[in-house]
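Undergrad: Heads up: the sequence lines are chains A and B, in that order. Be aware that the first sequence starts at 28, since it is given in this note's numbering, and climbs by one per residue. Be aware that the second sequence starts at 345, since it is given in this note's numbering, and climbs by one per residue.
By construction, these hints were calculated from the structure, which means they are not laboratory data. Note that beta-carbon positions come from the ideal geometry of N, C-alpha and C, so glycine has one too. Mixed in with the good hints, there may be bad ones.
To be verified - Which chain A residues face chain B? A few, computed with CB under 8 Å, are given here:
(1) G131
(2) V133
(3) L168
To be verified - Some residues of chain B that are not near chain A, with every Cβ distance over 12 Å (derived):
(4) Q500
(5) S523
(6) E532
(7) D536
(8) A574
As the list claims (entries may be wrong) - Listed next, the stretches of chain A that the computed footprint assigns to chain B, with coverage defined by at least 3 CB atoms under 8 Å from CB atoms of chain B:
(9) 50-56
(10) 64-74
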Amino acid sequence: MTGFDETRLGLSGQVYAAAASQGRPALVGYLPVGFPSVPGSLAAFQALVTGRDGVGVDLVEIGMPYSDPVMDGIAIQHATARALERGVRTRDIFEAVQAVSEVGGVAVVMIYWNLVERYGANAFARDLASVGGCGLITPDLTPDEADDWMIASDEHGLDRIFLVSPSSTPERIESTLAACRGWVYATSVMGVTGARSETSTAAPQLVSALKSIHSGLPIGVGLGISNGDQAAELGAFADGVIVGSALVKKLIEADRASNEAAGLDALRDVVSDLADGVRRAR
Amino acid sequence: MSSTLPGSSATAPFALPDRSGHFDQFGGRFVPEALFAALGQLQDSFDDAAKDPAFTAELDRLRRDYAGRPTPITEARRFGAEHCEGARILLKREDLNHTGSHKINNVLGQALLTARMGKKRVIAETGAGQHGVATATAAALFGLECRVYMGEVDTQRQALNVARMQLLGAEVVSVRAGSRTLKDAMNEAMRDWVTNVDSTHYLIGTVGGPHPFPMVVREFQRIISTEARAQVLERYGQLPDAVVACVGGGSNAIGIFADFIGDKSVRLVGYEAGGDGVETGRHAATITAGEVGVLHGMRTYVLQDEDGQTIESHSISAGLDYPGVGPEHAWLAATGRAQYRPVTDTEAMQAFQDLTRSEGIMPAIESAHAIAGVKQLARELIAAGNSSPTILINLSGRGDKDVDTAIKWFGLDGSADLTTGDLS
Numbered sequence: 028m029t030g031f032d033e034t035r036l037g038l039s040g041q042v043y044a045a046a047a048s049q050g051r052p053a054l055v056g057y058l059p060v061g062f063p064s065v066p067g068s069l070a071a072f073q074a075l076v077t078g079r080d081g082v083g084v085d086l087v088e089i090g091m092p093y094s095d096p097v098m099d100g101i102a103i104q105h106a107t108a109r110a111l112e113r114g115v116r117t118r119d120i121f122e123a124v125q126a127v128s129e130v131g132g133v134a135v136v137m138i139y140w141n142l143v144e145r146y147g148a149n150a151f152a153r154d155l156a157s158v159g160g161c162g163l164i165t166p167d168l169t170p171d172e173a174d175d176w177m178i179a180s181d182e183h184g185l186d187r188i189f190l191v192s193p194s195s196t197p198e199r200i201e202s203t204l205a206a207c208r209g210w211v212y213a214t215s216v217m218g219v220t221g222a223r224s225e226t227s228t229a230a231p232q233l234v235s236a237l238k239s240i241h242s243g244l245p246i247g248v249g250l251g252i253s254n255g256d257q258a259a260e261l262g263a264f265a266d267g268v269i270v271g272s273a274l275v276k277k278l279i280e281a282d283r284a285s286n287e288a289a290g291l292d293a294l295r296d297v298v299s300d301l302a303d304g305v306r307r308a309r
Numbered sequence: 345m346s347s348t349l350p351g352s353s354a355t356a357p358f359a360l361p362d363r364s365g366h367f368d369q370f371g372g373r374f375v376p377e378a379l380f381a382a383l384g385q386l387q388d389s390f391d392d393a394a395k396d397p398a399f400t401a402e403l404d405r406l407r408r409d410y411a412g413r414p415t416p417i418t419e420a421r422r423f424g425a426e427h428c429e430g431a432r433i434l435l436k437r438e439d440l441n442h443t444g445s446h447k448i449n450n451v452l453g454q455a456l457l458t459a460r461m462g463k464k465r466v467i468a469e470t471g472a473g474q475h476g477v478a479t480a481t482a483a484a485l486f487g488l489e490c491r492v493y494m495g496e497v498d499t500q501r502q503a504l505n506v507a508r509m510q511l512l513g514a515e516v517v518s519v520r521a522g523s524r525t526l527k528d529a530m531n532e533a534m535r536d537w538v539t540n541v542d543s544t545h546y547l548i549g550t551v552g553g554p555h556p557f558p559m560v561v562r563e564f565q566r567i568i569s570t571e572a573r574a575q576v577l578e579r580y581g582q583l584p585d586a587v588v589a590c591v592g593g594g595s596n597a598i599g600i601f602a603d604f605i606g607d608k609s610v611r612l613v614g615y616e617a618g619g620d621g622v623e624t625g626r627h628a629a630t631i632t633a634g635e636v637g638v639l640h641g642m643r644t645y646v647l648q649d650e651d652g653q654t655i656e657s658h659s660i661s662a663g664l665d666y667p668g669v670g671p672e673h674a675w676l677a678a679t680g681r682a683q684y685r686p687v688t689d690t691e692a693m694q695a696f697q698d699l700t701r702s703e704g705i706m707p708a709i710e711s712a713h714a715i716a717g718v719k720q721l722a723r724e725l726i727a728a729g730n731s732s733p734t735i736l737i738n739l740s741g742r743g744d745k746d747v748d749t750a751i752k753w754f755g756l757d758g759s760a761d762l763t764t765g766d767l768s
């Protein structure tokens with residue numbers, strides 16, 4: 028009994044439903060493609076899925092580096108700027124999706140809109156669907172400007188994960204939920220990405236506002252989670268826990284030390300801690 | 345010459361942008377959901393202010409008693425004779441505003457809106473520092489906390505303006521991300537705004553960003569053309585043949601274009617920063633060489649690579665060094681109502697010297713791009729059969745801030761040409 032509406036779960040919402048059937052929230056892990064390098068990022072995505080001992084994130088969020096990332100905090104900016112310097116291309120996303128699939132994982136893509144528009148919304152949807160990607164998280168595209176994306180995602184059967192924030196009005200929450208397929212991304216604090224020492228007090232309020240709409244969509248909550256205890260705390264009321272900067276930081280430390288293997292090792296440790304966290308959330 | 349503020353349907357010949365902020369395909373709101381509430385609040389506050397005679401009266405008072413408006417029109421006779429084949433060249437003297445540029449027009453309006461929204465803190469991005477100085481000035485006047493984001497490259501080439509902002513009590517943040525210029529300062533300001541939106545107004549300095557900024561800034565800059573149109577008509581009994589301005593983000597250009605858009609006989613020309621030359625790839629000529637895309641919350645022309653990553657722009661002028669352009673300019677270009685042309689660093693610096701030496705008016709290097717363009721445009725108009733064309737240039741700012749750049753460009757060393765008085 029999850030309260031989810033089967034018809035709205037798309038592809039990635041099924042991951043939430045599967046976790047819920049085990050009585051726990053889903054764990055979503057973000058990393059950018061192309062950092063520390065394209066091959067290095069493929070290994071990192073696989074480490075997200077498998078963790079220390081085969082249990083990792085439920086859903087991988089593949090971030091596409093962008094020159095002007097207004098939603099990203101310092102850590103993710105650092106990694107994505109390096110990835111761009113080192114030559115990452117939009118098309119590398121598709122390789123990353125395949126790498127995730129190879130180890131049995133499921134992936135969505137987080138991407139700023141100009142990159143999709145430049146590729147062509149329909150062509151991008153087609154190519155993402157063809158490699159088994161589930162859909163897009165669009166940090167700077169709201170349903171207001173999403174006509175092309177609504178059409179392309181319908182045509183290719185992809186999920187549309189839009190963001191809601193503590194400042195969203197009830198009307199905007201309702202219209203955003205109506206436009207989503209798969210799940211909805213709740214940003215739990217006002218601000219850009221980045222691990223914070225305390226989780227937000229706005230999160231429970233936002234989740235309860237979202238639940239009151241009875242959209243049937245799972246609610247993933249992100250921004251600020253860095254360890255298993257925070258994941259457990261958040262997972263008590265959220266359907267999914269999204270972690271990004273805390274993972275990226277491990278790769279940055281390893282990149283600075285030019286020790287890719289150590290980065291993967293550290294990544295597996297954090298992932299396992301978070302995976303334990305969501306399993307003691309309820 | 346009282347300001348007709350917004351809604352401005354009284355003066356605007358076009359009902360754009362539409363309610364969702366579009367100029368046909370351009371404009372819009374490509375921003376994180378977290379900012380929608382603040383954009384809506386700004387829109388409401390602006391609409392409400394537009395209908396409030398007390399707001400308009402207060403803005404008029406500030407423009408007159410504080411900024412020094414109306415600014416005059418100066419006929420540049422020697423410049424016209426020596427550099428423009430005798431064409432009548434009129435300068436709209438926005439350089440004579442308090443703080444030295446047109447930026448104060450927008451800042452006073454938005455500072456009043458900030459107070460109206462009950463916010464106590466403003467943030468701004470700045471390139472040349474003109475908008476940062478204007479914002480810091482208004483913050484001092486209104487008692488607002490102020491933080492200005494400025495690319496590290498720009499803090500170095502505009503050190504004087506950094507000091508001015510600090511003297512005015514603003515905190516200047518040097519942005520070291522990306523190209524370390526105006527676009528990166530905007531990214532950082534957006535991030536600040538996403539985080540502090542409840543207490544903070546983002547006082548954007550150009551006719552760019554998400555709706556309603558392009559409209560709000562246009563309406564606060566419209567005063568330039570409202571004054572200039574009346575001044576030219578009164579003094580010469582005719583409209584100018586052409587109205588020109590430099591274009592970075594495009595606020596001074598929209599300001600001088602706005603009331604002339606409906607005058608079909610008046611040619612509108614914007615001059616973009618051609619840097620080392622458009623063919624070199626090192627430039628900021630967004631409309632000339634960019635392609636339609638999304639940047640900083642708006643759909644417009646963007647300098648971008650094959651994947652849609654923004655390409656870093658280059659210009660000797662910090663204020664024009666931006667890889668996007670306001671969406672209304674994109675629309676004016678696409679519809680053919682205005683033309684946009686590149687002017688190189690070399691041409692702009694030559695014009696900087698030409699105007700300074702022929703008129704005793706030292707323009708900002710930004711404005712010098714428009715001066716350079718007019719030298720060519722006058723020849724074209726004359727060649728096309730208009731023997732004595734009248735061209736109105738928006739002289740958007742004064743050049744004091746650019747003296748260091750000019751010293752380097754012209755190889756001056758600051759020592760005197762001759763010495764005298766030695767006992768020998």
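Undergrad: Against each hint, give a clear statement of whether it holds in the structure.
TA: Status of each hint after checking the structure:
no. : hint  : verdict
1   : G131  : violated (30 Å)
2   : V133  : violated (24 Å)
3   : L168  : holds (6 Å)
4   : Q500  : holds (20 Å)
5   : S523  : violated (9 Å)
6   : E532  : violated (9 Å)
7   : D536  : violated (9 Å)
8   : A574  : holds (39 Å)
9   : 50-56 : violated (count 0)
10  : 64-74 : violated (count 0)
Hints 1, 2, 5, 6, 7, 9 and 10, counting from the list given before, are not met by this structure.
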